[in-house]
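Residue numbers (the working numbering), protein chains in the order written: chain A, 36 to 301; chain B, 36 to 301; chain C, 36 to 301.
Hints were generated in silico from the structure; no laboratory data involved.
A few of these clues could be false.
Which copy is meant is left open, because identical chains are indistinguishable; a pair holds if it fits in one copy or across any two.
[As the list claims (entries may be wrong)] The calculated DSS-like cross-link candidates involving lysine-lysine, where the alpha carbons are at most 27 Å apart (straight line), are:
no. : residue 1 : residue 2
1   : 226       : 144
2   : 226       : 42
3   : 211       : 87
4   : 83        : 144
5   : 42        : 123
6   : 211       : 144
7   : 87        : 248
8   : 268       : 226
9   : 83        : 165
10  : 248       : 218
11  : 87        : 42
12  : 87        : 144
13  : 268       : 165
14  : 87        : 165
15  : 83        : 268
16  : 42        : 144
Here are the chains, one letter per residue:
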Amino acid sequence: MEKTLWKHIQTVRELSPLVHNITNYVVMNSTANALLAIGASPVMAHAKAEVKDMTTIANVLLINMGTLDEYWSESMLIAAETAHLLNKPWVLDPVGAGATPYRNQIIQKLLQYRPTIIRGNASEILAIAKSNAPATKGVDSIASSMDAVQAARNLVGQYGSVVCISGETDIIVDQKNQTLLLKNGHPMMTKVTGLGCTASALTAAFAAVIEDKTEATVAAMALLGIAGELSEKQSHGPGTLQMNIIDKLYAMTDVEFAEQLNVSRA
Amino acid sequence: MEKTLWKHIQTVRELSPLVHNITNYVVMNSTANALLAIGASPVMAHAKAEVKDMTTIANVLLINMGTLDEYWSESMLIAAETAHLLNKPWVLDPVGAGATPYRNQIIQKLLQYRPTIIRGNASEILAIAKSNAPATKGVDSIASSMDAVQAARNLVGQYGSVVCISGETDIIVDQKNQTLLLKNGHPMMTKVTGLGCTASALTAAFAAVIEDKTEATVAAMALLGIAGELSEKQSHGPGTLQMNIIDKLYAMTDVEFAEQLNVSRA
Amino acid sequence: MEKTLWKHIQTVRELSPLVHNITNYVVMNSTANALLAIGASPVMAHAKAEVKDMTTIANVLLINMGTLDEYWSESMLIAAETAHLLNKPWVLDPVGAGATPYRNQIIQKLLQYRPTIIRGNASEILAIAKSNAPATKGVDSIASSMDAVQAARNLVGQYGSVVCISGETDIIVDQKNQTLLLKNGHPMMTKVTGLGCTASALTAAFAAVIEDKTEATVAAMALLGIAGELSEKQSHGPGTLQMNIIDKLYAMTDVEFAEQLNVSRA
Chain A
36 MEKTLWKHIQ TVRELSPLVH NITNYVVMNS TANALLAIGA SPVMAHAKAE
86 VKDMTTIANV LLINMGTLDE YWSESMLIAA ETAHLLNKPW VLDPVGAGAT
136 PYRNQIIQKL LQYRPTIIRG NASEILAIAK SNAPATKGVD SIASSMDAVQ
186 AARNLVGQYG SVVCISGETD IIVDQKNQTL LLKNGHPMMT KVTGLGCTAS
236 ALTAAFAAVI EDKTEATVAA MALLGIAGEL SEKQSHGPGT LQMNIIDKLY
286 AMTDVEFAEQ LNVSRA
Chain B
36 MEKTLWKHIQ TVRELSPLVH NITNYVVMNS TANALLAIGA SPVMAHAKAE
86 VKDMTTIANV LLINMGTLDE YWSESMLIAA ETAHLLNKPW VLDPVGAGAT
136 PYRNQIIQKL LQYRPTIIRG NASEILAIAK SNAPATKGVD SIASSMDAVQ
186 AARNLVGQYG SVVCISGETD IIVDQKNQTL LLKNGHPMMT KVTGLGCTAS
236 ALTAAFAAVI EDKTEATVAA MALLGIAGEL SEKQSHGPGT LQMNIIDKLY
286 AMTDVEFAEQ LNVSRA
Chain C
36 MEKTLWKHIQ TVRELSPLVH NITNYVVMNS TANALLAIGA SPVMAHAKAE
86 VKDMTTIANV LLINMGTLDE YWSESMLIAA ETAHLLNKPW VLDPVGAGAT
136 PYRNQIIQKL LQYRPTIIRG NASEILAIAK SNAPATKGVD SIASSMDAVQ
186 AARNLVGQYG SVVCISGETD IIVDQKNQTL LLKNGHPMMT KVTGLGCTAS
236 ALTAAFAAVI EDKTEATVAA MALLGIAGEL SEKQSHGPGT LQMNIIDKLY
286 AMTDVEFAEQ LNVSRA
């Protein structure tokens, strides 16, 4: 699988997909930099007057609900509907799902447009699957990834999405009944804001140009996880880590990738 | 006092308070990273449809007026009212007070909800106390901290807040008639955008879990100031400084803190 | 010309102009840091209730359309009109021009207020001049700078602006019929999000205090380009580059500037 995943990384670098991001204010800069670092081309646009046009131009859509409000949620719905009608891949990052009734309500509306891929932490996946989720603590997960696997399978069945539960071990489930486990990354990554959001954006870039959306998800998550663990060795804390991850996304070699990759089937 | 302040820093690291931030676009990323670095858990949310719920879930509220507009100011008022009604601590950062009549008007409305702590530079504190303030120059202070002490005392009397005037010397005044002087920090910190905003956010995290709000304020301001002066030694300019401060907030030791702390009573 | 340009850099450091930015969410932090690094004083404000007041206080206005929407475009128009009526210099960065009809429509309205300086990539300059532009790919340019020179000359004639087409070679054209070529910078700068936006903001700072707006533009573009090429030598990728550029903007010496400057007349 290493060779296939690395080929996908090269494909993104070569084809430079245009990723339309409707994402939160906290991570716009770091998301754009991460997308540029892997060779993709980011655009951020949310105006109701142009969001349909932008999704149409782009190769893929990312919707991240982090700092949503009434205006932005309308834009998200227009964009998701556009992607759905055009059969264009789109990725949903349900940030903070379960935290407030409003957030849950918008997520349910977005799900109707059948996201190609859903990436969230365990609490979020549990919350959107309406399972018996422990209450979310803000935007950080308090549930473990394993708790959320059944919830993820329900989402796969209901919406046809590939679902990625990110955490210490990332778990990817899909319609072909595969369950992939990815054990890359480093705990200090949870101290850098928005690396989950970055993961979703990178996943979108891969989904734009890789036919197999499960492989696209694994490739993106592996690339970021490996960038994180390699960067941590050269970092003195989360400040240097945030910056070094961008460098490593840009400069990672096939040898580094192959040496670090830790993926398996459940 | 060193030991008490260090204990407070450890308390934040252990209890990881959930900080609800309604803050400006410029600093959302750096604020979230600073909060994560000290062990707190940040959430940014401003939708009128969920802001009351989010303040209710959180342990503390931070309101920073930097890039306010009509929608955001309504959200700020809902959140401040919620915190006030729930007796939940909340911190006001009156960014750019005095710059425009609109900004002043919103600040006066927010003050009615009696912020637990107000942190601003001298120009801002003078402006919100309606003293004879020199005109603000954008968001940077042109008044000295000492000029603003009487204005701060007026605010303490009127709203019961702890007031922190940040500057070369930070001055903290409170209802117990204490005046604390903190001489940590480094001039290069004024060349990094939003470190004042970071100071307010860290103060909120401390106020969430420390009973004595004056000590909470001093601990937060001292932690950031010391992180700044230690980081500056390893930095080549404000770019590296911004990143190194995050690392130092994350990794500061009790020895470093005790060696650098420069607090006194006036 | 080296000595004149360096004198302009010193003038910005000494006079610290207040730059009113209405810019996009992606770059607010990096723009503010770049402005602080060169000695300017940034303020970000967009509320319709205060935007006129803020433009009036400021020494210069920057309008960057990156993440515009209906509200923000109204604010931009109010601010541009205010600057125009007050004969205050203002800079337009037409991010993503040509990408959507909505974006093009707002740009045409803004142009009526005769921007002092327009800075964009070749695709954007072609798009706003309504030339036969190749379709924009999101916010990145796919046209070369040379293609856009006639379009730039048309804009100069129509609106009286200095026009800067940024790219591998930056081309600056003006009403005095000068065409200046600037060959500073490094290709890795295109992998850092928003350095074009930074270029426009720095140009605004120079335009605030330098009478000759062509020289102001060249000085700003040269400063950033040289900071980029010097920083790249110490960077391992776009993450460290973003940070090192801020350091270099802050600490650049006259010797470094003179050694690297590569400006000529066409």
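Okay, the hints, checked on the actual structure:
1. For the identical chains of this complex, residue 226 and residue 144 are neighbours neither inside a copy (31 Å) nor across copies (35 Å), given an alpha-carbon limit of 27 Å.
2. In this homomeric assembly, residue 226 and residue 42 come within 27 Å of each other (Cα to Cα) only across copies, at 21 Å, whereas the closest approach inside a single copy is 30 Å.
3. Taking the shortest alpha-carbon separations for residue 211 and residue 87, neither the intra-copy value of 31 Å nor the inter-copy value of 42 Å comes in at or below 27 Å.
4. Taking CA atoms no more than 27 Å apart as the test, residue 83 paired with residue 144 passes in both settings, with 17 Å inside one copy and 19 Å between copies.
5. Taking CA atoms no more than 27 Å apart as the test, residue 42 paired with residue 123 passes inside one copy only; the shortest distance there is 22 Å, against 53 Å between copies.
6. With identical chains, the CA atoms of residue 211 and residue 144 are at most 27 Å apart within one copy only, with a shortest distance of 25 Å there and 52 Å across copies.
7. In this homomeric assembly, residue 87 and residue 248 come within 27 Å of each other (Cα to Cα) only inside a single copy, at 23 Å, whereas the closest approach across copies is 38 Å.
8. Within a single copy, residue 268 and residue 226 get their C-alpha atoms as close as 15 Å, and across copies as close as 23 Å, so both meet the 27 Å cut-off.
9. Within a single copy, residue 83 and residue 165 get their C-alpha atoms only as close as 30 Å, which misses the 27 Å cut-off; across copies the closest is 24 Å, which meets it.
10. Proximity of residue 248 and residue 218 under a CA criterion of 27 Å is satisfied intra-copy only: 19 Å inside one chain copy versus 42 Å between copies.
11. When the C-alpha separation of residue 87 and residue 42 is checked against a cutoff of 27 Å, the pair qualifies neither within a copy, at 32 Å, nor between copies, at 48 Å.
12. Taking CA atoms no more than 27 Å apart as the test, residue 87 paired with residue 144 passes in both settings, with 17 Å inside one copy and 22 Å between copies.
13. Taking the shortest alpha-carbon separations for residue 268 and residue 165, neither the intra-copy value of 39 Å nor the inter-copy value of 51 Å comes in at or below 27 Å.
14. In this homomeric assembly, residue 87 and residue 165 come within 27 Å of each other (Cα to Cα) only across copies, at 22 Å, whereas the closest approach inside a single copy is 30 Å.
15. Proximity of residue 83 to residue 268 under the C-alpha cut-off of 27 Å is found in neither arrangement, the shortest distances being 44 Å within a copy and 42 Å between copies.
16. Within a single copy, residue 42 and residue 144 get their C-alpha atoms no closer than 35 Å, and across copies no closer than 46 Å, so neither meets the 27 Å cut-off.
Going through the hint list in order, the structure does not satisfy hints 1, 3, 11, 13, 15, 16.
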